[in-house]
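Novice: Starting from the known structure of chain Y, arrange chain R on it as the hints suggest.
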Amino acid sequence: MKLKSLGLLAAGVMAASTVVANAQDQSLTIVSWGGAYTESQVRAYHEPYTEKTGVQIYNEDKSAQALAGIRSQVEAGNVTWDIVDMLQADAQRACDEGLIMEIDHDEWFAPAPNGAPPTEDFIEGTLGDCFVPSILYATMFAYNTEAFEGEGPQTIEDVWNLEKFPGTRALQKIPQKNLEWALIADGVDPENVYEVLATKEGQDRAFAKLDEIKDSVIWWSEGAQPPQMLADEEAVIATAYNGRIFNAQVNENQPFKIMWDHQMFEVDGWVVPRGNEDQLDLIKDYLYFATDTQRLADQAKYIAYAPARKSSVPLVSTHADSGVDMKPHMPTSPENFKTAVQFNTEFWADYGDLLEERFNAWVAQ
Amino acid sequence: MQDATPAQLETLKTADGTPLKDSIRKSERRARIRAFLLVLPLLAFLVITFIVPIMAMMGRSVYNPEVVNYLPNTAEALQEWEGEGVPGEDVFAALAKDMVQGREDRTIGRVAARINRELPGARSLMLGTARDADEMQPPYKEAFIAEDDRWTNPEFWGILKRESRLITPSYYLLALDYEYTPQGNIEPRPEIYQVYTDLFIRTAWMSVLITVLCILLAYPVSYLLATLPLRYSNLLMILVLLPFWTSLLVRTSAWIVLLQQEGVINDLLVGAGFISDDGRLRMIYNQTGTIVAMTHILLPFMILPLYSVMKTINPSYLRAARSLGATPLVAWFRVYFPLTLPGLAAGVMLVFILAIGYYITPALVGGETGIFISNMIASNMQGSTAQLRLAAALATILLVLVMLFYWLFNKLVGVERLKFG
Chain Y
1 MKLKSLGLLA AGVMAASTVV ANAQDQSLTI VSWGGAYTES QVRAYHEPYT
51 EKTGVQIYNE DKSAQALAGI RSQVEAGNVT WDIVDMLQAD AQRACDEGLI
101 MEIDHDEWFA PAPNGAPPTE DFIEGTLGDC FVPSILYATM FAYNTEAFEG
151 EGPQTIEDVW NLEKFPGTRA LQKIPQKNLE WALIADGVDP ENVYEVLATK
201 EGQDRAFAKL DEIKDSVIWW SEGAQPPQML ADEEAVIATA YNGRIFNAQV
251 NENQPFKIMW DHQMFEVDGW VVPRGNEDQL DLIKDYLYFA TDTQRLADQA
301 KYIAYAPARK SSVPLVSTHA DSGVDMKPHM PTSPENFKTA VQFNTEFWAD
351 YGDLLEERFN AWVAQ
Chain R
1 MQDATPAQLE TLKTADGTPL KDSIRKSERR ARIRAFLLVL PLLAFLVITF
51 IVPIMAMMGR SVYNPEVVNY LPNTAEALQE WEGEGVPGED VFAALAKDMV
101 QGREDRTIGR VAARINRELP GARSLMLGTA RDADEMQPPY KEAFIAEDDR
151 WTNPEFWGIL KRESRLITPS YYLLALDYEY TPQGNIEPRP EIYQVYTDLF
201 IRTAWMSVLI TVLCILLAYP VSYLLATLPL RYSNLLMILV LLPFWTSLLV
251 RTSAWIVLLQ QEGVINDLLV GAGFISDDGR LRMIYNQTGT IVAMTHILLP
301 FMILPLYSVM KTINPSYLRA ARSLGATPLV AWFRVYFPLT LPGLAAGVML
351 VFILAIGYYI TPALVGGETG IFISNMIASN MQGSTAQLRL AAALATILLV
401 LVMLFYWLFN KLVGVERLKF G
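Residue numbers (full-length UniProt numbering), protein chains in the order written: chain Y, 1 to 365; chain R, 1 to 421.
Extracted from the complex, chain Y is given alone in its bound form (with noise of 0.2 angstroms):
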C-alpha cells in the first residue's frame, strides 16, 4: 500500500514538474520583416498571446529570404522556425513545393464576431491552400516634400519626368513592380500590364523604360531603407511599402508625402513550415489568436496596413501612439484606392524566374 502511494506520488510530482516545465518552455518562433511591421505584431498580436498563455515568442527577422529559408530548413530536417510571415506568391511556392503545411481555414480559425466562417470573411482571393492572409499593404512611390519646389510629382508619369523633378529616385532592387510601373509609365492600361508584361517585346519595352531613369537610381534592399535614402535626401522620390512611410510620417515627424497613384497591392500573412507537428497544437492556437477580428482590427492602430478580414474593418480606428485616424492613411480607402493596380502573384510565379535574371543582369550592367 505504502509502496504504491509513493509510487502515485512519484508519478504526480513528476507529472506537475513536466506541466510546469512545458508552461515555461513552451515557445514559438516566429519569422517576420523587422521594422516597424514586426513592431506591430509584437503589439497587437504577440505581447497580448504572451499575457494570456505564458508562451514565450521570439522574432527573427528573416522574411525577405523567407522562401529560401523555409526550403533549406525543410530540405536538411533541421525546422527552426514556427510561424512564418511571407508574402502570398512565395507562400504559393512554397506550398505547391511541400514545404509547408496546408490549413483547413474553416478548422483554424475563428468564425467573425457574426458568425460568418473564416472562408467567407477573409477578403476573396487571398486565402491560400497553405497561406492565411493578415494585412493588405501597399507599394507605391513617396517623396521628400522638402526636395521639391512646389508641388511634388503626383503621377506615374512624373517619377519618369527627370527635368521636371530631377534628383535620384530610390527603387526596389527586384523586377517586380517596377516593371508594372515602367509599362505603365510608358502609357499601357493598367489593365493590359500583365498581357504586355508576358511577351518578348513587352518585357523589352519596359527595361528600355528604366533605362530613361537608370543613371538616377539607387536601389534598395530592405524595407527600411527607404524612408532612410527619402530623410537624407539620397533620394528625393522612392518606392516603399506604405506602412514604413506612414510610420516616418507620423512617429518621425518627417516631410514625406505618399503619391497613390497607381500603388499596387498585395496580401501578406502567415505559413507554418512542415516538420514541427509535435509544436502544431500550439501553433494553431497561436494562429487562432491572431487572425481574429479584433485582433487584425488591433494592428491597424500601429502600422498603416489593411485588415485582410472585412470584419476587422469597420474597426479600424486611431494610431495607438499619436491617436491619428488612420482609416485614411489604409491603402484600401476609396481616396487612395481609385488607380490602385492588384499584383498579379500567378504572374510572377510564371515568369519571375526569367525576369530576376534579367533584371539582375539589367541592374549589374
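Bear in mind the hints are in silico, worked out from the structure with no lab data behind them.
Just so it is clear, CB atoms sit at the ideal spot from N, CA and C, and this is done for glycine as well.
Below, simulated SDA-like cross-link-like pairs (lysine to any residue); rule was C-alpha separation at most 25 angstroms, straight line:
hint, chain 1, residue 1, chain 2, residue 2
1, Y, K214, R, P190
2, Y, K177, Y, G167
3, Y, K62, R, A363
4, Y, K310, Y, G125
5, Y, K200, R, L173
6, R, K419, R, L242
7, Y, K284, Y, V313
8, Y, K173, R, L364
9, Y, K200, R, G184
10, Y, K62, R, M381
11, Y, K301, Y, S317
12, Y, K284, Y, E47
Stretches of chain Y that chain R covers, calculated by requiring three or more beta carbons in the stretch to come under 8 angstroms of a beta carbon on chain R:
hint, stretch
13, 91 to 97
14, 232 to 238
15, 345 to 352
16, 356 to 364
Beta-carbon label-pair distances, calculated as ranges:
hint, chain 1, residue 1, chain 2, residue 2, range
17, Y, G77, R, E80, 28 to 38 angstroms
18, Y, P334, R, V402, 55 to 65 angstroms
19, R, L269, Y, D204, 33 to 43 angstroms
20, Y, E60, R, T312, 49 to 59 angstroms
21, R, L269, Y, D215, 20 to 30 angstroms
22, Y, E124, R, A146, 22 to 32 angstroms
23, Y, E335, R, N69, 45 to 55 angstroms
24, Y, E60, R, D132, 31 to 41 angstroms
25, R, D105, Y, P117, 22 to 32 angstroms
26, Y, E60, R, L241, 35 to 45 angstroms
27, R, A146, Y, E191, 28 to 38 angstroms
Specialist: Just chain R now, with coordinates in the frame of chain Y:
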C-alpha cells in the same frame, strides 16, 4: 672506441636482446604515431569543416535530381523518344501517372519550378494539369492537349528530356553565360542575360588594382616604419594597427559617412566652393567606393609583411653599394628592392586572395557597378528565386581561379620564399 661497421650494426643488440635496428624502428614509429595523433584533431576539423562542405558544394553544382526523382516514369519513357515534335501516348501516360503521385507527395511543384526556370509558364501548365490528372482517362495525349494546348509545345518536351539527366553541366554553362538550347546545343546566352563573365573579369581586375594600390601606399609606409627611430615608428605602427583592429563593418560605414553625396567630403568641397551643391560627386555606391574602402581595409595585410622583411635588411648593404660607386637609385633597385621581395610577394598574395573573394565591403559600398562575383553568389543563395546550384557553380569557378592564381604564383615566385613576418 672504433665506429661500428654496418655488419656490426646488424648484430648490435639492446639490453633486452632485440636488435638495435628493430628497436630504433619501433621508437621511430611510435614518434610518428604520436605526431599523427597530435595533428589528428586539426585534420578531422579540416575534413569536417572544409573538405566535406567544399566537396558537397561541388557535387551540388552539377546535381539535377528533380525530373529523375519526381517524374521517374516520364524520365524513363522519354529515353525512347527521339526528341522530334511531340512524344507519343506512352510518355503522356507515364506523365499522368507521375503527376497523380507527385500531387499526393506534393513534389510536383518542385519539378514544375525546375522546368519553369527554363521555360516560363511551364509551372502553371504542369500544376494546372496535375490538379486534374487523377480524373484523366486514356488516351492521355488527347486528354492533356484538351486540358491545355501548350502540351504540344516541342520546346517543353525537349527541355524535359534534357533535364531528365541526374548530372548536368547546365549550371556551369549559365555561370559562364552560355546555355543549352531546347535542342541540346550549347550557345552563348542573349546579351540581356549575360552578366557572370563580365563580373568574373571585373572581380579579377579590381582585385589587381586594389593590390597595386596597396603596394604603392604600403611600400613607403613600411619603409618609414622600418627605418624611423623607435619612438616615431611605434606611433606610426599604432596608426597602422588601430584600423586593423577595428571592425570591418565600422570601417566600411565610416567610408559611407565620408564619401556619400551628403557626406563629409562632399560637404567640405561644397563649403570650399570647389563644386556646386547640385554637382556633388558620387564617390560611393560605385566602383570608386569599393576601391577606396577595400584598399584601406586590406592595406595592413601589405604593410605588415613588408615591414617585417624591411626591418631585417641590414643598412650596411646599401652603404656598401654606395661605397662601391652605385647611385642611390641604383643601390636601391639592385640591393634594397630585391631584398624586400619575399615580403612584397607575401603581401601581394594575402591582399589579392582576400580581395578576390571579398563580400561585405562591395555589398555595402559597391552599388551596382562595384560589386564582386561573391555578391552574385550570395544573391543566388537568397531570395525567392534562389538558385543554389548556380551559386555552387559560380563558387566552384571562383575557387578554381584562386587555386590557379596560387599555382601561377608558386611557379613565378615560389611559395617557400614568402615571409609573412
